[in-house]
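Model the full assembly from the supplied sequences, consistent with the hints where possible.
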Amino acid sequence: MITSEKDIRQIIDWFDERKVLFYQLGWIYLKNDHDMEEVFHQTIINVYDEIHKFKDTQYFDAWLTSIFIHHCRELSTNNQLQVSKDGLLNTLHDLEDTYKDPIVLTYICELSLEEAAYILKTPIETVKSRLLHGLQLLSRKIDSESCKVYEEKCIDYIARTLNRSEKVEFEIHLHTCENCQKKLSTFQEVIFTLKSELDALEIPTNIIKKVNHQVIETVTKKSMIKKKRIKLSVIVTSLLTLLIITGIATNTFSNIYYSWVDWRQQEDPLLRAYYKNGIGERLNMEVVSNGVKVKVKTAIADEFQTVIYYEIEDLNDENQYMIGFEGVKIKEDEQILNHVSNPEIVQNDGQKVYKGKMSIEPTLSKTGTIEFYLSKLQKVNQQSQPGGQIDYFEGKWNFKIPFTKHPSTVHKVDKETLVDGTPIKFKKLTIAPTVTMLQYDYEGYREGSYIMQDIGIDSIETKGKKAKAEMFAWNLESINYGNVNKLNTTRAFETLYFDDPTLLNVHFDSIKRFVIGEKKVTIDVSKDFPQSFIYQGSIISINEITIGNPTKIVMEYELGENRSFENIQFQFKTEIRGEPLSMSITSSEGVYLDKTGEKYDGTEYIELKQPRYYKTKETIELSNDYSDEHVVPKQLEIFFYSTTKYIDEREEIVLD
130 MITSEKDIRQ
140 IIDWFDERKV
150 LFYQLGWIYL
160 KNDHDMEEVF
170 HQTIINVYDE
180 IHKFKDTQYF
190 DAWLTSIFIH
200 HCRELSTNNQ
210 LQVSKDGLLN
220 TLHDLEDTYK
230 DPIVLTYICE
240 LSLEEAAYIL
250 KTPIETVKSR
260 LLHGLQLLSR
270 KIDSESCKVY
280 EEKCIDYIAR
290 TLNRSEKVEF
300 EIHLHTCENC
310 QKKLSTFQEV
320 IFTLKSELDA
330 LEIPTNIIKK
340 VNHQVIETVT
350 KKSMIKKKRI
360 KLSVIVTSLL
370 TLLIITGIAT
380 NTFSNIYYSW
390 VDWRQQEDPL
400 LRAYYKNGIG
410 ERLNMEVVSN
420 GVKVKVKTAI
430 ADEFQTVIYY
440 EIEDLNDENQ
450 YMIGFEGVKI
460 KEDEQILNHV
470 SNPEIVQNDG
480 QKVYKGKMSI
490 EPTLSKTGTI
500 EFYLSKLQKV
510 NQQSQPGGQI
520 DYFEGKWNFK
530 IPFTKHPSTV
540 HKVDKETLVD
550 GTPIKFKKLT
560 IAPTVTMLQY
570 DYEGYREGSY
580 IMQDIGIDSI
590 ETKGKKAKAE
600 MFAWNLESIN
610 YGNVNKLNTT
620 RAFETLYFDD
630 PTLLNVHFDS
640 IKRFVIGEKK
650 VTIDVSKDFP
660 QSFIYQGSII
670 SINEITIGNP
680 TKIVMEYELG
690 ENRSFENIQF
700 QFKTEIRGEP
710 LSMSITSSEG
720 VYLDKTGEKY
730 DGTEYIELKQ
740 PRYYKTKETI
750 ELSNDYSDEH
760 VVPKQLEIFF
770 YSTTKYIDER
780 EEIVLD
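With the first letter of the sequence shown counted as 1, position 586 gets the number 715 in this note's numbering; the numbers rise by one all the way through.
Under the rule of at most 20 Å between Cα atoms (straight-line distance), these lysine-lysine pairs were calculated in the PhoX-like manner:
{"hint": "1", "residue 1": "LYS508", "residue 2": "LYS458"}
{"hint": "2", "residue 1": "LYS557", "residue 2": "LYS615"}
{"hint": "3", "residue 1": "LYS649", "residue 2": "LYS702"}
{"hint": "4", "residue 1": "LYS525", "residue 2": "LYS505"}
{"hint": "5", "residue 1": "LYS148", "residue 2": "LYS339"}
{"hint": "6", "residue 1": "LYS324", "residue 2": "LYS148"}
{"hint": "7", "residue 1": "LYS458", "residue 2": "LYS422"}
{"hint": "8", "residue 1": "LYS296", "residue 2": "LYS311"}
{"hint": "9", "residue 1": "LYS424", "residue 2": "LYS505"}
{"hint": "10", "residue 1": "LYS615", "residue 2": "LYS544"}
{"hint": "11", "residue 1": "LYS681", "residue 2": "LYS746"}
{"hint": "12", "residue 1": "LYS728", "residue 2": "LYS774"}
{"hint": "13", "residue 1": "LYS557", "residue 2": "LYS597"}
{"hint": "14", "residue 1": "LYS424", "residue 2": "LYS458"}
{"hint": "15", "residue 1": "LYS774", "residue 2": "LYS744"}
{"hint": "16", "residue 1": "LYS554", "residue 2": "LYS544"}
{"hint": "17", "residue 1": "LYS724", "residue 2": "LYS744"}
{"hint": "18", "residue 1": "LYS534", "residue 2": "LYS405"}
{"hint": "19", "residue 1": "LYS424", "residue 2": "LYS481"}
{"hint": "20", "residue 1": "LYS557", "residue 2": "LYS541"}
{"hint": "21", "residue 1": "LYS744", "residue 2": "LYS681"}
{"hint": "22", "residue 1": "LYS422", "residue 2": "LYS481"}
{"hint": "23", "residue 1": "LYS763", "residue 2": "LYS656"}
{"hint": "24", "residue 1": "LYS681", "residue 2": "LYS702"}
Taking CB as the label site, the calculated pair distances span:
{"hint": "25", "residue 1": "THR538", "residue 2": "GLU447", "range": "44 to 54 Å"}
{"hint": "26", "residue 1": "ASN161", "residue 2": "ASN308", "range": "37 to 47 Å"}
{"hint": "27", "residue 1": "TYR729", "residue 2": "LYS529", "range": "36 to 46 Å"}
{"hint": "28", "residue 1": "GLY216", "residue 2": "SER588", "range": "55 to 65 Å"}
{"hint": "29", "residue 1": "SER578", "residue 2": "GLU690", "range": "23 to 33 Å"}
{"hint": "30", "residue 1": "VAL720", "residue 2": "LYS541", "range": "40 to 50 Å"}
{"hint": "31", "residue 1": "ASN308", "residue 2": "PRO398", "range": "54 to 64 Å"}
{"hint": "32", "residue 1": "PRO552", "residue 2": "THR745", "range": "29 to 39 Å"}
{"hint": "33", "residue 1": "GLU432", "residue 2": "GLU455", "range": "23 to 33 Å"}
{"hint": "34", "residue 1": "GLU455", "residue 2": "THR538", "range": "31 to 41 Å"}
{"hint": "35", "residue 1": "LYS422", "residue 2": "GLU500", "range": "17 to 27 Å"}
Just so you know, these hints were derived from the structure itself, not from any lab. These numbers come from a predicted model, not from an experiment. C-beta atoms are modelled at their ideal positions from N, C-alpha and C, and glycine is treated no differently.
See the structure below:
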């Protein structure tokens, strides 16, 4: 009895479920069913032989795809291709592999840029550059009149990898740049056309069935020759199950963010509520290394995050430590992920034992164990400010932390209102053990007036209890800028899990907008500097221009009481119409102002409530990557300016 036959059928079934995608992929390289069957056969055998060596489950799908493409290339090189009808697929087929492969992986296989880079063994930036050039070749539109810096962002925009501020900046630019609008539209049309032509292919439903017998026969012969059993059932099954469950390489724990809190009481009230209601258990696991004790008190898990409560004590009474950016590794179900971001640091008032909590993204399983490894602790310096020197203490603190994921309570909401004249619609309130999530839509763009950046909510309140907005919950929150006329937003607040709210009061405290304020200013490099002008109640000065390639420009912004903008969106132009300029900011200075107008420097940002950042000085470099000629700016063109308006509006929501 050959047990490997069972294992190979697992792989065959996997490809059978995805035969449409892989057939379409193969058609880009091959042009007949006979070659296609051979590629499926070789790929399945290749996977069967190598799968026991493959451990990186995050890139399982990418690994399979790379094997399939490898065999497609071999056959397309060895065999004469049949001529297909004219179309974009034919143009794609004729592209150099350098540009064809990134397009196939990203837009046909719909892999992430990271996965494409993994397959191509190329840096992500190189992949994006080749995607850009490949799309230009397919569209047959390579023009020099383009905004190079924004042109490159088209790729990130299509891939949805821009962060919130970058997305806003890019969409603002689109409103003002017809060339970038056309380029983005052309790229999207190329991708759509490719997919449409592939969808129109007649895909034989029995292609895997034809391969099946040949594959089984090959495996049987290989097994008899080797005279040993290849026991891959567990490996294949676990990989394929993981693939189905996680939707192919989800980024579970892909971002870890930390928040540290100073508990001045014997026990945190929320922690007591967890214990009282049977959520989490008292673990109190302790490990001592190099004279420092780390205690894991408990872990609270839900669909949004898993929060680990901990204490750290220096047994030598010399220093105070917390879990910081470095030396953290988390492992669940053999997956190791250790990305760290978004710190919140609160002074600890000199207490001997540092008490804190650490939040990671949700676990894969409903119940299980987190393997938690610490090799470094961050020193808490009472005198230093955030952003200063960070000192670490090394040791070895390892834990196996049990967890149980607890369900959320979901309230559907259908409430519309106006906030400072802006239409807003509440849609859903989700209350989890560790956080409360409020989902709502609001108007994102008012033609000729402004583009909305954000509507600030200070807190939500029920039955006299106020749940503050979570300051450092960016990994939980989201704003979808796919349609600037309606922004879909999800905001995080402290949990109301034990309050059973029936009525919710939402407190709005600010509105951030990009206001249209166009102005063109002539620059004469033959005259003395500074060259100044007035904009929105402030004097803007061009203090210095050093001509070259790049050209260096120093600008200064007066911070007077009549200044109505925080920052401006602008570009420089030269005498050459449409000259492709790259603009980068090499240094910047500014101050934070609180609600009352009091000034603070950047190190005090965390302590501020509703801070506004006013840029006061910056150094800019302009370059032309397509020419060695000097860049001589002739005009400064301002499009928008950002501003914050403080409000105090409340809205009542009745929950179901």
